[in-house]
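**Q** Heads up: the sequence shown begins at 624 in our numbering, then just goes up one per residue.
None of these hints come from the bench; they were simulated from the model. Incorrect hints may have been included.
Unchecked claim - Pairs of lysine to aspartate or glutamate residues, derived as EDC-like cross-links and limited to a Cα-Cα distance of at most 16 Å, are as follows:
#1 Lys708 to Glu677
#2 Lys654 to Asp636
#3 Lys709 to Asp656
#4 Lys709 to Glu677
#5 Lys686 to Asp731
#6 Lys654 to Asp715
Claimed, not checked - Here are the simulated distance ranges between beta carbons:
#7 Phe650 to Ala729: 16 to 26 Å
#8 Arg632 to Ala732: 16 to 26 Å
#9 Ala711 to Val651: 17 to 27 Å
#10 Ala725 to Phe682: 26 to 36 Å
Quantities reported herein were computed from a predicted structural model and do not represent experimental measurements. C-beta: ideal position from N, C-alpha, C; glycine also.
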Amino acid sequence: MTDTRLNARLWVDAHVRTCHLNHMPAFVVAKGDEARGGILLKVNRFGAGVLTFEQSLNFDGEKIWRRLGPESGEAEAEADARIAKKRAFDSDLWVVEIEDMAAAYAPDAPISDF
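Hey, can you work out the whole structure from these sequences and the hints?
**A** This is the structure in structure tokens:
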């Protein structure tokens, strides 16, 4: 069986560029394993709260984003603590912060609330 999963660094670089093209500044705040690292998104909607998503696979092997934290968002300090805890457990994890002033960001795969 061939693994067709996209290299983590390539996905992150392309996603950051796509965010910038859509007038949403995005920054890599933690680098993970270039080939197989997991990806976590921190979507800062400022007054509307911070959303965090972790890339995962569903039972059919399709890419999804698993929401971490409340659906309505949370304070930035709470999101940062959640991210720090995840990074302490998995140093291969990439973290991308997206500044979404218009609260218009949508991940590139379905969202799941396990």
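**Q** Go through the numbered hints given earlier and state which of them the structure violates, listing their numbers in rising order.
**A** none
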